[in-house]
Structures are given as structure tokens and as C-alpha cells.
Amino acid sequence: MTAAIQFVIDVLSLGGAYALMALGLVIVYGILRLVNFAYGELVMAAGYTLYLVGGSPLPWLVMAALAVAAAVLTGIATDYLAFRPVRTKSVTAVLITSFAFSTLLQNAAQLLISPRPRSIPLPEVFSDTVTVLGVVTPARNLITIAAAAVLLALFTLAMRRTILGIAMRAAATHFTMARMLGVPANLVITTAFAISGLLAGTVALLWLGRIGTVVPRVGLEPLLIAFIATVIGGMRSLEGAVLGGFLLAFIDTSLNYTLPQDLLKFRDAFTFSLVILILLWRPAGLVRGPATGQRT
Amino acid sequence: MALAVDGLEVRYGGVRAVRGVDITVGDGEVVALLGANGAGKSSTLLAIAGAIRPFAGRVRLDGRDVTGTTPERMVRAGVAMVPETRDVFPDLTVEENLRLGAYVRRRDRAGVEADRAAMFALFPRLAERADQTAGTLSGGEQQMLVIARAMMSRPRLLLLDEPSLGLAPTIVEQIFAMIAELAATGLSILLVEQNVSKALAVASRAYVMRLGRIAAAGPARELAAAADLEDHYLGG
Ligand SMILES: Nc1ncnc2c1ncn2[C@@H]1O[C@H](COP(=O)(O)OP(=O)(O)O)[C@@H](O)[C@H]1O
Ligand SMILES: [Mg+2]
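Protein sequence lines correspond, in order, to chains A and B. Position 122 of the first sequence, counted from 1, bears residue number 122 in the working numbering, the numbering being contiguous throughout. Every position in the second sequence, counted from 1, becomes a number in the working numbering once 1000 is added.
Watch out, some of these pointers could steer you wrong.
As the list claims (entries may be wrong) - Pulled a few chain A residues facing chain B out of the computed Cβ check, cut under 8 Å:
#1 167
#2 170
#3 173
#4 176
#5 210
#6 217
Unchecked claim - Only some residues are given here: those of chain A computed to face chain B with a beta carbon under 8 Å:
#7 61
#8 62
#9 84
#10 88
#11 166
I should point out that these hints are in silico values taken from the structure, not numbers from a laboratory. Don't be surprised by glycine CBs; every beta carbon is placed ideally from N, CA and C.
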């Protein structure tokens, strides 16, 4: 019984983080039909901001807010510097500029700070353990679950209730039609990047909190996870991204629990094999997006 | 609102879809734009709406040059477009589709609410389906929705691209009755149609396009009387 509870907590906390990562990637993809390869650098930006304000006497929550704000600003900068100038030109151009922007940010971190890990400030509670229903688990896991639940709920509410949220859902299916109703293209796109930064920045706090350090290439794994989760869930659907995140976490955790010790280092190979099987069964992902839509 | 289009040209790469078109629509006037498939009617409308950039020519609203502006600015200038592809947002509810139609005047809550009630009165079928997603509507209901949605911005000029396309005859009757009702409110309408007799019945003037050019123009009654209209211009 305790093993089952432990398993559920592990899946939910890992899945919560994965779902937020995937949602941050797919919110931009849904509107532009372009993968933002500089997505991982939003996590990096939050990480280095935490490192930079680490020595200050600010309360941790303020530092965390600054880190998330840095991720949001980096997201908006990605739009202005990497996407907007070439968005209407060609897909290839945007893919190249988003790769270039990603490399640029990583190199900047390497040159201006260090290629080596830098430690980030963490609140006490991150290293505490708590007992839930007889199971001892890191408090960080429960915080991750709570943060994911709150953010997903707020996100859903904003997308359903606010006019901008409705406009963003509309723009994801018929971008030009949304514009012909007066929805400004740039506003929708910049908002998508800002939300992407908000999600990536929040995930960064929880994700980097496990290891306590930041390196220039720290964004690679979140980008990969987000990408795989959205591919499983369906690139065209916000619900799909969340579902994909939890499913990927379920697969990872199950393998962690069942694989013998000497096979555990091949866990990712097993995960990818399962992902391929899912895609063979459902090539467009689990949740199909709306049937129509063109690139913008 | 008065629309004046001069020497409009639209190209898709090497394809010259519109080759110098002049069109005017007066205040409160209903003007039909007729022509066979591929004549360049939709391209003309999209260029006016700002959805595609004209290769050459001018688009003016009440004398003001709006050539090559963005679609969102055109809506704010009072022009609403209903494309032939209809483009309901399939996973948004009917209600949300309408709310989005009022995007440019979203702060005028009372006005938006009143207009929505007016649209539901005009299209009772939509009121019944307010909470359904638009993707579940029939073709006719989707056409009603996109017209109602366009009206939510309180346009002064409505661009309608083939509203009767692919609809059952009874629905076509309803749609044209709607257009007549909207016209009676003083709205200017530029109506693209293949249903020549119905379009000429509701319009006061008409243009006939052929191969990207205006091949004929005149009062709707005169064009309707020209027995050879269909053979000459619309057939090929
Ligand atoms: N997006 C496009 N790309 C290339 N050619 C197009 C495109 N849209 C329309 N055309 C071409 O432009 C011409 C005019 O098309 P259109 O404006 O849709 O005419 P109509 O609405 O009168 O049927 C046609 O030859 C059509 O094939
Ligand atoms: Mg057409």
C-alpha cells in the first residue's frame, strides 16, 4: 500500500513538472506551428537569475519571483529577436534563428558566468521530508504537485474565461481568421512566449531544486522532455501536452520501480522505445488537435 | 461606409489572380461581385480585408488610404470579413466565437451583450446551440455563425464571400433574407456570389469579374435583364 502511494506521489510530482514543461512548449507551437528550440534557455535564464541574486538578503520567494520574471522576459526576447524578424519569411529561417538564439544564450552564460555548475539558493523546505499516509517523501515533491495543480488550473481558467485566452485558442486553429476579427497577431504571439516563460520559469525552480545547481546546458533536458511529451500527447493540443507529460512521467517512474539495477542506466532507451510504440499506434499523438489550421 | 478600390492587383508568385480592379461601394449600398470560379473574387476581398497584401493598387475607406494594412486594423476601421472558407473556430463554443467577434469592442460590455442578444434573435438556431462547440454545427449553422460573429464588431462595411456556397436551398433562402435584413440597417455590403439571381435581387449594383478583371458593371436590374450574363461571364 505504501509502495502504491509512493508511486502515485512520484508520478504526480514528476508528471506535474513534465506537464508544465510540455505546456510551455506547446503554447507557442500551437500558434506558430514552430518549435522554439531556445525553450530550454528559459529554464537556464531562471536558474542563473537565482544564482545571481543568491548572495542577496532577499527572501527566497522574492528571488524566485525574479527568476520567473527573467524567464518571462527571455521568452518575450525570443519572440522579438529570434522569431518576429523572420517569422513570415520561411520555416527554415525561424528554426535556424531559434537554434542560434539558444546557442547564443548558452555561450553567454559560459563566457559571462562559467561553464561549470553554479549553486543556486534553495529554501529550507526543499530539503525537508514529510510523511503522507505513512510514506516518507521529499516536501519538494508535494510542492511540485501543488504548484502544477495551481498553474494548470489558472492556465485553464485564463484560456477559457479571458478574451485573450479565447483569442489564443482561436489563433491556434485559424490564425488569419482571428486577425480578421481584430485580434492583433503580435499580441497573441508575444503573450504565448510570455506564458511559455512563466511555465518554464516555475518549472525551473522545482527542477533545479532537485540538484541545486545550474549549468549552461541545463535547458537541454527540459526541452527534450517537453518535446517528447508533446509528441506523445499531440503537438496541436494543450490538453494533449499535459496528458503527454503525465504519461511520460508514468513510463519513467514505472521503469524506475521495475527495472533491475543494472538495466536502470538504459532507462531512457526503454522510455524511447515505448514512445515509438505509442507513435506507431497514434502517429499524431494521443489527443488530436482541431482539424484545420495553417502556419502563420 | 464608402469603399473605393483602384487598380487592385493580387499575385501569388507568378499567378496574376487580380489584374487591375476598380470597385466602389457607397454608404449603405449593397454591391454584388460576380464571376466564375477562379475569376479572382476571393483574392479581391482578401486584399481589401488586409489578409493578403496587394501587388499594386489602392484601397480607400471614406477617402483614407488603407492599402496593405493588417487585417486587425481593418476591423478597427469598421470592415468585417466573412471568408468563403467560413473558418468557425471549431473547438470554441458558439458563444465564444461570438465573443471573439466583439474583440475590438470588448470593453463595451453592455453593447456586446445587447448585440449578442440581437444576433441570437436574428439566428435562433445559434441561440439553441450557444454552448455547443462550433465544430458540431451544420454547414448552414456555421455560415450563420460566421455572419453573426462578423456583425459583433459592429462593422460599417461587411465583406461576404459566397455565403450560400454548398448550402441546401432552404438555408440559402434564409441566408439571403438575413443579408437583406442587415442591408436594411444601413450596413454597406460587398457580396461575392455564384448564385447570380439571388445576389442581383439583394444588390443595387454589381460587378462581373473574369480572369482577374472587371468584365461588366452596372445596376443590378440591368445586369439581371441581360439574358446572356450567365453564358458570357459566369460559365467560363
Ligand atoms: N493561395 C493561392 N496561391 C496560389 N494561387 C491562388 C491562391 N489563391 C487563389 N489562387 C489563384 O488565383 C486565382 C483567383 O482565385 P480566387 O481569388 O480564389 O477566385 P474566385 O474567388 O473568383 O474563385 C485562381 O487562378 C486561383 O487558382
Ligand atoms: Mg472564391
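Problem - Closest C-beta approach of residue 166(A) to chain B relative to 8 Å, hint status - result: holds, 5 Å
Item checked: Hinted contact residue 217(A) with chain B - closest CB pair below 8 Å -> Check failed: Cβ of residue 217(A) comes no nearer than 37 Å to chain B, outside 8 Å.
Evaluation of the interface hint that places residue 167(A) against chain B, nearest CB under 8 Å: holds, 6 Å
When the least beta-carbon distance from residue 88(A) to chain B is tested against 8 Å, hint result
Hint violated; residue 88(A) Cβ to chain B Cβ min 10 Å, cut 8 Å.
Hinted contact residue 84(A) with chain B - closest CB pair below 8 Å: Given a least distance of 14 Å, the restraint on residue 84(A) is violated.
Residue 173(A) as an interface hint toward chain B, with CB separation required under 8 Å: holds, 5 Å
*asked:* Min Cβ distance, residue 62(A) to chain B: is it shorter than 8 Å?
replied: The hint is violated - residue 62(A) has no Cβ within 8 Å of chain B, the shortest such distance being about 34 Å.
Task: Hinted contact residue 170(A) with chain B - closest CB pair below 8 Å - done: holds, 4 Å
message = Given residue 210(A) as an interface hint, is its Cβ closer than 8 Å to any Cβ of chain B?
response = With Cβ-Cβ at 36 Å, over 8 Å, it is violated.
Chain B contact restraint for residue 61(A) - C-beta distance below 8 Å: It is violated, given that the least Cβ distance between residue 61(A) and chain B is near 34 Å, above 8 Å.
Interface hint for residue 176(A), Cβ within 8 Å of any Cβ on chain B: holds, 6 Å
In terms of the numbered hints stated before, the structure departs from hints 5, 6, 7, 8, 9 and 10, listed from lowest to highest.
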